[in-house]
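Visitor: Here's the letter readout for the chains.
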Amino acid sequence: MKNWLFRLLLLGGLAVAGIWLWRAWFPNPEKAIRRRLAELAQAASFGPNEGALAKAINCDKLADFFTGDAQVKVDVGGYAQTFNGRESLRSAALSARTTLTSLKVDFPDINITLGQDKQSAQVELTALGKVAGERDPQVYVFKFMLKRIGGDWLIRRAETVKTLM
Amino acid sequence: MATQAQTPELRRWWLIVLIGRRPRRTLARIAVLVIVCVLVFKFVLIPVRIQGPSMLPTCRENQIHLVNRLAYRFHAPRRGDVVAIQMIQMASQHVMLLKRIVGLPDETVAFHDGRLFINGQMLDEPYVRYSCDWEMRPVAVGPDWYYVVGDNRSMAWADHHQGRASRERIVGKLLL
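Residue numbers (the numbering used here), protein chains in the order written: chain Z, 14 to 178; chain V, 571 to 746.
FYI, nobody ran anything at the bench for these hints, they're computed from the structure. Take these hints with a grain of salt, some might be off.
[Said to hold, decoys possible] Simulated crosslink set (SDA-like; lysine to any residue; CA at most 20 Å straight-line):
hint : chain 1 : residue 1 : chain 2 : residue 2
1    : Z       : 117       : Z       : 152
2    : Z       : 44        : V       : 660
3    : Z       : 143       : V       : 631
4    : Z       : 175       : V       : 736
5    : Z       : 131       : Z       : 39
6    : Z       : 175       : V       : 728
7    : Z       : 175       : V       : 706
8    : Z       : 160       : Z       : 175
9    : Z       : 175       : V       : 709
10   : Z       : 175       : V       : 715
11   : Z       : 160       : Z       : 68
12   : Z       : 175       : V       : 664
13   : Z       : 143       : Z       : 63
14   : Z       : 44        : Z       : 152
15   : Z       : 143       : V       : 736
16   : Z       : 143       : V       : 731
17   : Z       : 117       : V       : 665
18   : Z       : 74        : Z       : 100
These figures come from a predicted structure and were not determined experimentally.
When you get a sec, could you build the whole thing from the sequences and use the hints?
Guide: Okay, here's the thing in structure tokens:
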């Protein structure tokens, strides 16, 4: 009886481990996108003691979240600009890192709509940016269009969305 | 000797204070309390912490308020209500906008010399303490839409989130 119970428990344990491994290696698209966006928020954030080399490397890392032909439209508080392509985004990130002392980006609310082919997705999220020296965080809503390329979810298009019309 | 005799008695007394004479009943009460709190604070009264100056002086930075999600179950939002608005459409959110309803469906809203006009009539706003010089041409509020604005009119026009919000984005009314 004891032997039977031991085998059953072992089988159960193996099944749980198998499911866990399967999910780790082949995460469902929504989880993968959430993880990717968490990495993006981390890459967009920077501290006050970032060296010149670290700045350049981190800006490259940030640009790698976008496709080569990505388009980012920002329209907030009377400031409107469109960035086309990775190089333009890299320059903008470098410029932000030069102008601001530090920035902490967070995406507290993320709403993901997967495409039928599961290779594309539309994401609406709230971006919270805390800038050093400013008391109140900046809050914006973004809409991202993502595409799965070579196993990675890359941003093809991003634009700010106005909550109030 | 006297202290040794008192120790078990004192321990028993503390146990009664902490878990009551009937521990099972106490446990059941705690379970009910936890369930009620979770249900109330998740689905009925949402606690919110104010960030930003746009609702001054009604709501101050870091104040905690409660948003009543059931406020508009039996009637439509009213002018003057302070409401929480979803920033994106999803079931539960961490970040919401807090604004006052000034324009109702099918009305027109305008600002002239910092004063608010509804359908061409100036609106008396006792909650506004800081004056401004905002100018905005009349904007038509569609059916099932509401015009919302913060109480702090001393902010620059560009820095102040305001405009039309659809009914479905209004989460509930702020309990002051």
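Visitor: Against each hint, give a clear statement of whether it holds in the structure.
Guide: Do the hints match the structure? See the list:
Taken as a hint, the residue 117 of chain Z and residue 152 of chain Z pair is honoured in the structure, with Cα atoms around 12 Å apart against an allowance of 20 Å. For the given pair, residue 44 of chain Z sits about 17 Å from residue 660 of chain V by alpha-carbon distance, which is consistent with the 20 Å threshold. In summary, the hint linking residue 143 of chain Z to residue 631 of chain V is supported, as the alpha carbons are separated by about 16 Å, within the 20 Å threshold. At most 20 Å may separate the alpha-carbon atoms for a hinted pair to count; residue 175 of chain Z and residue 736 of chain V meet this at roughly 12 Å.
Annotation: proposed proximity of residue 131 of chain Z to residue 39 of chain Z holds, straight-line Cα distance about 13 Å (limit 20 Å). Our distance criterion of 20 Å between C-alpha atoms is met by residue 175 of chain Z and residue 728 of chain V, whose separation comes to about 13 Å. At roughly 18 Å between alpha-carbon atoms, residue 175 of chain Z and residue 706 of chain V fall within 20 Å of each other, so this suggested pair holds. Of the supplied pair hints, the one linking residue 160 of chain Z and residue 175 of chain Z is violated, its CA atoms being roughly 23 Å apart against a limit of 20 Å.
For the proposed pair residue 175 of chain Z and residue 709 of chain V, the alpha carbon gap of about 16 Å is at most 20 Å, so the pair holds. Taking the CA atoms of residue 175 of chain Z and residue 715 of chain V, the gap is about 15 Å. The hint holds against a cut of 20 Å. Distance hint between residue 160 of chain Z and residue 68 of chain Z is unfulfilled; the C-alpha atoms sit about 27 Å from each other, more than 20 Å. A C-alpha spacing of about 18 Å is found between residue 175 of chain Z and residue 664 of chain V, which places the hinted pair at or below 20 Å, so the restraint holds.
At roughly 17 Å between alpha-carbon atoms, residue 143 of chain Z and residue 63 of chain Z fall within 20 Å of each other, so this suggested pair holds. Proposed proximity of residue 44 of chain Z and residue 152 of chain Z is contradicted: the alpha carbons are some 24 Å apart, above 20 Å. For a cut-off of 20 Å, the pair hint linking residue 143 of chain Z to residue 736 of chain V is broken: about 28 Å separates their Cα positions. Using a Cα cut-off of 20 Å, the hinted pair residue 143 of chain Z and residue 731 of chain V holds, with the two alpha carbons roughly 18 Å apart.
The straight-line distance between the Cα atoms of residue 117 of chain Z and residue 665 of chain V is roughly 16 Å, inside the 20 Å bound, and the hint therefore holds. Restraint check for residue 74 of chain Z and residue 100 of chain Z: the C-alpha separation of about 12 Å stays at or below 20 Å, so the hint holds.
When each numbered hint is compared with the structure, violations occur for hints 8, 11, 14, 15.
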